[in-house]
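2 protein chains.
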Amino acid sequence: MGRESVFLPTTASTTVNPVAAPPTSLAPGFRFHPTDEELVIYYLKRKVSGKPFRFDAISEVDIYRSEPGDLADKSRLKTRDQEWYFFSALDKKYGNGGRMNRATGKGYWKATGNDRQVKHEERVVGLKKTLVFHSGRAPDGKRTNWVMHEYRLTEKEMERIGTGSSQPQVRF
Amino acid sequence: MGRESVFLPTTASTTVNPVAAPPTSLAPGFRFHPTDEELVIYYLKRKVSGKPFRFDAISEVDIYRSEPGDLADKSRLKTRDQEWYFFSALDKKYGNGGRMNRATGKGYWKATGNDRQVKHEERVVGLKKTLVFHSGRAPDGKRTNWVMHEYRLTEKEMERIGTGSSQPQVRF
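Protein chains in written order, with UniProt numbering: chain A, 1 to 172; chain B, 1 to 172.
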């Protein structure tokens, strides 16, 4: 089995479109290969701000209510890349981004390494955390090849948007 | 200066849209990164066959009437990638794909290395030639960093399309 990845730009927004858009397959040759900067400064920031996207590329899911193998079907974009992108609200108790395990029904996502900074025009706008899925229950879970990259906006960037205190559902 | 590339899927088709489509910039995160196989079996083959594209990603130009630095402006897709894709008719005298120089006003494209095979479902469907732009006149031209990859259908693939003899303007 190859190394598979789930890319997860996190957001605390809980808005859900009343009608889910149908999945889209891109024309041959086209790929959705966003940079970390694009994910944070365009997709995540616009999502949290409630601004529209030119193309609705990323669906909203509750990551921890799905097992990794079930996520591909929930992707807005149908691609042959073994990567998928989702928005997912973070529960408050996970908000500190610490070492806490994030459990699904059959396993848990465990952070690995340190959070990395995502920059835009030389300022830090987001943080990227990498997590590996373990099947079973901590601390006896078995490491798998599923990898998730979670992006979140920095608090400072949240303040720039102005959602820090006015939208209490946004929790970081 | 970085290594810049011009990607050129060749075709002998001379059809030109009566109204040129305006340039398109992709939404953030989206890239046009076709594989060799996609370029040959989808874009080039459909072009030669006269079949429509889901998205009109590649404009037609006469490559040898442009200097490399002028080509970016003629690309259908406006991207930050330093790569552009074009269809261009091959003049008959260049059709054998040999060592001949292909002149522009201020220089010429010179083939480098051997043609490589492009496969689809284990059969060879196309050939890929790499050329480097030299400024000045052969044999005294000065090598530049401009690189072009030229794709052409194999004669066998042309026969499969059925354009081999019925469309004499198709010359390979």
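Any given hint could be a false lead.
All copies of an identical chain are treated as equivalent in the list; a pair is satisfied when it fits inside any one copy or across any two copies.
What the hints assert, rightly or not - Straight-line alpha carbon distances no greater than 27 Å define the calculated BS3-like cross-link-like pairs of lysine-lysine that follow: (1) Lys51 - Lys78; (2) Lys47 - Lys106; (3) Lys51 - Lys110; (4) Lys128 - Lys106; (5) Lys156 - Lys106; (6) Lys47 - Lys78; (7) Lys51 - Lys156; (8) Lys119 - Lys106.
If you are wondering where the hints come from, they were derived from the structure by calculation, not from laboratory data.
Pop the pair lysine 51 and lysine 156 into one bin, within, between, both or neither, using alpha-carbon distances up to 27 Å. Only inside one copy: lysine 51 and lysine 156 sit 19 Å apart there, 51 Å across copies, limit 27 Å.
Reference check for the pair lysine 51 and lysine 110, CA-CA at most 27 Å: within, between, both, or neither? The answer is neither: 31 Å in one copy and 49 Å across copies each exceed 27 Å.
Go through the copies and call it for lysine 47 and lysine 78: within, between, both or neither, with a Cα cutoff of 27 Å. both (21 Å within a copy, 25 Å between copies)
Intra- versus inter-copy proximity for lysine 106 and lysine 119 (alpha-carbon distance at most 27 Å): Classified as neither: same-chain Cα gap 35 Å, cross-chain 41 Å, threshold 27 Å.
Treating 27 Å as the Cα threshold, decide for lysine 47 and lysine 106: within, between, both or neither. neither (29 Å within a copy, 49 Å between copies)
Using 27 Å as the alpha carbon limit, work out where lysine 128 and lysine 106 are close: within a copy, between copies, both or neither. Cα proximity of lysine 128 and lysine 106: one copy only (24 Å, versus 48 Å across).
Between copies, within a copy, both or neither: which fits lysine 156 and lysine 106 at Cα up to 27 Å? This pair counts as neither: shortest intra-copy Cα distance 35 Å, inter-copy 53 Å.
Alpha-carbon proximity context of lysine 51 and lysine 78, limit 27 Å: Both ways: lysine 51 and lysine 78 sit 24 Å apart in one copy and 24 Å across, limit 27 Å.
Hints 2, 3, 5, 8 from the list above are not met by this structure, while the remaining hints are.
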